[in-house]
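J.: Sequence:
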Amino acid sequence: LNKAAMEEEQCVLTYNWGNSFSSGVIRGRLGVTKTPGSQRVLDRETGKLVRCDLERCPHATYYDDIGFVNHVPYAAFGGWSGAVSANIPKEKQDLAMEFLTFLASKDESRKWVIPEMGSPIADAGSDPFRKSH
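Residue numbers (the numbering used here): 2 to 134.
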């Protein structure tokens, strides 16, 4: 991505996952912020873009000067998600959901969200973003 340009001070903005700049080369000179957002969202009934309000954008951030801004979530390293096909037998769907539920459990997911440094999963591309579930 832009790591080399950032370290050489030739790039002022990049969009990257969190552990990309852990080398300390730009320590103290790098800031982090939310992904950009929008004041307008799609009204699915009309097919038109409309201004965010508390009802349409309940998780938006309110700014005194511009109103509500809906920020898209950022899943570092592409994010991890799970899905179960509706085209497989119910028994296999249940097993798949049981496995995904296990992975998402507090104790198991914490291992991946906040890995111990030096552990085999520490470089698996997960970036901690919270300590609570």
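Honestly, the hints are just simulated from the structure, not real lab data.
It is possible that part of the hints are untrue.
[Unchecked claim] Result set (SDA-like, lysine to any residue): computed pairs, CA atoms no more than 25 Å apart in a straight line:
(1) K107 with S82
(2) K49 with N71
(3) K49 with S39
(4) K91 with L104
(5) K35 with R57
(6) K4 with L14
(7) K93 with V73
(8) K112 with L96
(9) K4 with V73
(10) K35 with E46
(11) K4 with R52
(12) K49 with T34
(13) K91 with S106
(14) K49 with V73
(15) K112 with S82
(16) K93 with K107
(17) K4 with R30
(18) K93 with L104
(19) K93 with A105
(20) K35 with T47
(21) K112 with V85
(22) K35 with E9
(23) K35 with E10
(24) K107 with L96
J.: Now tell me if each hint is right for this structure.
T.: Against the structure, the hints come out as follows:
no. : hint          : result
1   : K107 with S82 : holds (15 Å)
2   : K49 with N71  : holds (16 Å)
3   : K49 with S39  : holds (14 Å)
4   : K91 with L104 : holds (20 Å)
5   : K35 with R57  : holds (20 Å)
6   : K4 with L14   : holds (10 Å)
7   : K93 with V73  : violated (33 Å)
8   : K112 with L96 : holds (22 Å)
9   : K4 with V73   : holds (23 Å)
10  : K35 with E46  : violated (29 Å)
11  : K4 with R52   : violated (36 Å)
12  : K49 with T34  : violated (29 Å)
13  : K91 with S106 : holds (22 Å)
14  : K49 with V73  : holds (19 Å)
15  : K112 with S82 : holds (16 Å)
16  : K93 with K107 : holds (24 Å)
17  : K4 with R30   : holds (14 Å)
18  : K93 with L104 : holds (17 Å)
19  : K93 with A105 : holds (18 Å)
20  : K35 with T47  : violated (29 Å)
21  : K112 with V85 : holds (23 Å)
22  : K35 with E9   : holds (24 Å)
23  : K35 with E10  : holds (22 Å)
24  : K107 with L96 : holds (19 Å)
Checked against the numbered hints above, the structure violates hints 7, 10, 11, 12, 20; every other hint is satisfied.
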